[in-house]
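S.K.: Protein chains in written order, with the working numbering: chain A, 2 to 336; chain B, 6 to 298; chain C, 50 to 422.
These aren't lab readings, by the way, just hints derived from the structure by calculation.
Check each hint, because a few of them may be wrong.
Derived DSS-like pairs: lysine-lysine, alpha-carbon spacing no greater than 30 Å straight-line [what the hints assert, rightly or not]: (1) C:K162 <-> C:K150; (2) C:K64 <-> B:K12; (3) C:K179 <-> C:K202; (4) C:K258 <-> B:K12; (5) C:K376 <-> B:K12.
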Amino acid sequence: MTQAELPLATSEILPAPRRRTRRRRPGLVENTPWMNLATHAILISGLLLLLGPIYLVFAAATQTVQEVNQIPPNLSISSHFWENISEAWFSRDFQSKFINSAIVASGVVIGKIVIACITAFGIVFFDHRLRMPIFWLVFITLMLPLEVRIVPTYAVAANALSPFQAILDWTGVSWLINAVSGVELALEWNMLNTYTGLIMPLIATATGTFLYRQFFLTIPDELVEAAKMDGAGPLRFLRDVLVPLSATNMAALATIMFVSGWNQFLWPLLIITDPAHEVVAVELRSLIPNANTTGGGIPKWNVAMAASLLVMLPPIVVVVAMQRWFVRGLISTEK
Amino acid sequence: MRRAYFKNNWIAAALVLPQLLIIFVFFYWPTSQAVFWSLTFEQPWGGGNDWAGLHHFRELLSDSLYWQSVRVSLVYAAGTTVLGMGLALILALFVDRQLRGYRQYRVGMIWPYAVAAPAIGLAFRYIFNPTAGVMAYVNQVWDGIWDPILTGWHAMAMIVIAGAWKNIAYNFIFFLAGLQSIPRSLIEASAMDGSGVMRRMRDIQLPLLTPTFFFILVINITDSFTDSFGIVDTMTNGGPARATNLMVYKIYVDGFEGQNYSSAAAQSVILMVLVILLTFVQFRYIERRVHYS
Amino acid sequence: MADISIRDVRKVYGKDEVIHGVNLAIHNGEFIVILGPSGCGKSTLLRMIAGLEDISGGEIAIAGTVVNDLEPRERGCAMVFQNYALYPHMTVGGNIGYALKVAGVKRAERDAKVRAVARSVGLEEFIDRKPGQLSGGQRQRVAMARAIIREPKVFLFDEPLSNLDAKLRVQMRHEIRRIHNRIGATSVFVTHDQHEGMTLADRMVIMNKGTIDQVGTPEEVYNRPATTYVAGFIGSPAMNFLSGEVRAGESAVALADGSRIALTPAAARAFDGRLVQIGLRPEALALCAPGEGALRARFDFYEEMGSDGLHHLMVEDVPLSVLSAHKQRMPEGQEVGVTVPPEVVHLFDVESGQRLEAGPGAVATIKRMEHAE
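All chains should be built: construct the whole structure from the sequences, respecting the hints.
M.R.: This is the structure in C-alpha cells:
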C-alpha cells in the first residue's frame, strides 16, 4: 500500500472534523506586524522550497540540449519549451503511454470505488456472522504492501489461477479429476502485459472499504427502515440512497485513487514488457541513462524534464481542482 | 450498533466476493508464497522444493551486504522523516495562523502530493546533477565538491531530500487538519491569558498536536521502507557502491535481476514483519481513540 | 382498512426478553396510542407490527392475515419515524413518491399523486426543495405525506412529534388527528408523552417493562388506572401515594400517623384488613384549616401554574401535592389540613400494585378481559 492510499484508513485518529467547512476562521484581534511579516517570510520560503524544483524543471524544459548542459549552468527560461515537449511526446511515443496511464488510472479509480462500496455495503447492512472477519481480512491487507510481496505477486500475475491450481493439486482434486475423466487440470490466466494485470491487483482496497464502511455506519437506521417500508430491497437501497449520498466520498476517494493509479510505478515496471502496454511513469525511467553508466552522449535533460512535467501534470490538475473534497477525504471519514 | 439490516445474505455474499477473491489471489496467496519460499529451497515456479528452515534468514543475517542495506534504509527513514515532518510542521503551524493569502498558501503546499515518485526522482536527479543544473554552480566554485554519482553519502542526501520533498505535502495536510481541530476557544483563552503567537504554539498547539504527530511519524517510517522504490530506482539504482541500496530496492534487484527468489522472499518476510510491527503500533494507538463496533 | 391482532407476542434479544407475551386487539379504523417510558418495549412492538423487527414468539395478524413472515412492504403499513428519516438527497416530491417509484408506478401517474398528497398536507410549494431546506414541521409533513401516498391499511407512528418544539407539537398533533379522521386508516401511535396520548387516542395502551398494564379510553385510564404504575404515569401533576390499612369498621384507611381517610362503605367492606396504597390525584384534593380534613400536613413550598397553584406539602415524610385554583402561599412548615372526598380515593394492592375496586365492573378484572379480547 503506498502512501497515496494509506491515509484514509488511519484518519480515524484525528478528532471529528467540524461539520461545516469554514472558509477562514476569524483572526484574533492582534497587532503583531513583525510576527506577521515573519510568518509570511517563512511561508514564502516554504513555497519556494516546494515550487523551486518545479521551476528548475520547467526552466530546463525550455532549453536546448546545449543550454541545459552548459557550464556555468543556465537556470533561466529559454524558448524551446514546445520543441522539447513535442520531442518527448512524439519521439518517446508518449501519446499511447498517456492513454495507457489514463486507462489504468481510471480503471483503478472505478474498480476501487465499486469494490469498496459493495464490500462495505455487504458488511455493514447485512447481519451475518462473517461481517467482522471479512472486514479484518480486507483491512489486514494494509500491512501487506506490494513492495513486500512483489516476487510472488509477479508469479501470480503470470498465472492468476495458480493459487487455485495449487489448492486443487494439494487437496488431490486435480488427481481425482484426472483419474475420473482423464483430463489434466491446468488452470491458466496470464495477466502479464495486459490492462487487467495492471488494474486488477490494485483495486482491492482496504482504505476505500474502510472509508465506505465508516460512511455507511453513519447512515441512520431509520433511513434503512424507511426504505424497507417503501418497499426497496438492498440493491435498490444501495442504488437509490447510498450511492447518491456517498457522492462526496466518491469524489474524495476518486481523487486519491486517481493519483495513486496514475503514479503506479513498481507494478507496471514488473509486469509490462510489451511497449504497447507501457505507462508514462515507467517511461520516465528510461529517459536518462543509468546514473552509473553515464556513457551514451550528452544527457537530454531538457527533454527529460519536459517529459517529467507532462507526467506530473494530470494528477496535479486533479488534486488542485478537487482540493476541497480531496483534503476532506484524506482526513475525515465522517460526515 | 446498527439494528436495521437486510435479510438476504446471498446478496451480501455476492457483494463481498469480488474483493475477497482479489485479496486472496493477490495478497494472501503471494504472502503465503513469500513465507513458503523463504523457508524452502525452491526452483522458480515449480519443481520440487526442499525444506530449508531458517537457512535463508541465517544467510541473510550473516551477510554484510544485507546489513548495509538495513543501515541505509534506517538512514533514509530517519532522514526523510525528520526533514519531511519538520518542514511540514513549521509550514502548517504558520499557515494555521490564517493570515492573508491563507488559501493560496494552502494550495501551494498541497499540490506536491500529486507528483509521481519517478517524476520527483528524475527532477531531483537533474537538480543534483554535478554537471548540469544547480549543483553544477557549486561544483564550479568548489571544484568537484558535489558528486552523488561517485560519493555514497551525496547520493543518500539526494534521495533523502527527494523523499522528504515528496512527503511534505502529505504531512502538511495532516498537521494542518490536526491544528484546525484544536478548539478555537483554547487559542482564545490562551490569548486572553496574555500569550503571544509563538508562546501559544509551544504551550497549546504543539502539545495538542501530539496524536497527529505520532500518527504521521509511524506512517512516514512505514512509507520510507516501502514506498521509496520509485525514488531510488530513478535516481541512483541503489548506488554508488550500494550506498542507497534500500531494503525494498534490494528485494527487487535480488529477486528480479539476481533471480534469487529464496533470498528475496526471506527479505520480503523481514520487511513484512517490520511493516506489520509498525502498523500494530499504529493500531494500538488508534484503538485507544476509536471503537470498532 | 384493517384490524390488527397481536397474540402472545414476545421479543427476545439474545437472552433478554424485552416483550413478555403481549395481547392486543386493535379495531379497524381505531386510533391507538401506545404509551410508556423509554425502554418499556413500545417502539419494539410497533416495529414488530411494521416488520422491522422479527417476532420471537406469538403472532401478529393484520386484516386477518398473519404477517410474521411477511416483508415490511407486503404488510400494507406505512410508518412515520421519529427523526422523519427523509432521504436527504431527494426532493420533497422524490421522498413522497419513492414508494410508488419502487413499486413501478409510471412517472406521470406518480407525479400527479405526489402533487395531490403534497397539497393535502400543505407542501405543494416545497415540492422541489430538499429536506435540508425545510423546517422541522415541514419535514414532519413530508414524512406524513410519504406515509399517506401509499394509502396504507395501517399507519404507524414512532414518536413522530418528539423532535418538534412545544407549539409545533400541538399543531402537528391536531393535524395528525385530522388526517386520521379523514382517511380512516387504523393508526398506531407510540409516544412517551401522556398529553399526546390523551388527546390523540381512541384507546390507550399503557406499557410497562415489556407488558401491557392497561388498555382503555383516555378517560378510563385516567379515572380508573389499573395499576399504581398507570396511576403514577398518567395525570399531571402526578398522583400522590400514601400507604395504610383498610378498616371496614371505620369505613376508612388508617395511616401510620393515625389519621383516617374515609372510603365508600362498599370499598371498605370489600377490602377489610388489606394493606393498600392510596392514590390521590392532586386536583381532587383541597386545602383546609389545620385540624380539619382527613390529613394533617406541613406546608413545604408553592408552585405557580397560572390558572392553578400547586401546593407541595409533607405528610410526615411523604410528599403530597394539592392542585387548586384557590391559591394559598404559606410559610414553610406551617400546619395545614387536606380534605379528601371518599369518591376520589384510588386503592391499590400493596404487593401486586393492582387496582382494588369494589363491586361489579372492577377495573382489575376488566383489564384481563380486554387483554384476552
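S.K.: Hints first: check each against the structure and report whether it holds.
M.R.: Tested hints:
1. C:K162 <-> C:K150: Holds. C:K162 to C:K150 sits at ~12 Å (cutoff 30 Å).
2. C:K64 <-> B:K12: Roughly 22 Å separates the two Cα atoms, so the pair holds.
3. C:K179 <-> C:K202: holds (28 Å)
4. C:K258 <-> B:K12: Holds - the C-alpha atoms of B:K12 and C:K258 are around 28 Å apart, at most 30 Å.
5. C:K376 <-> B:K12: violated (61 Å)
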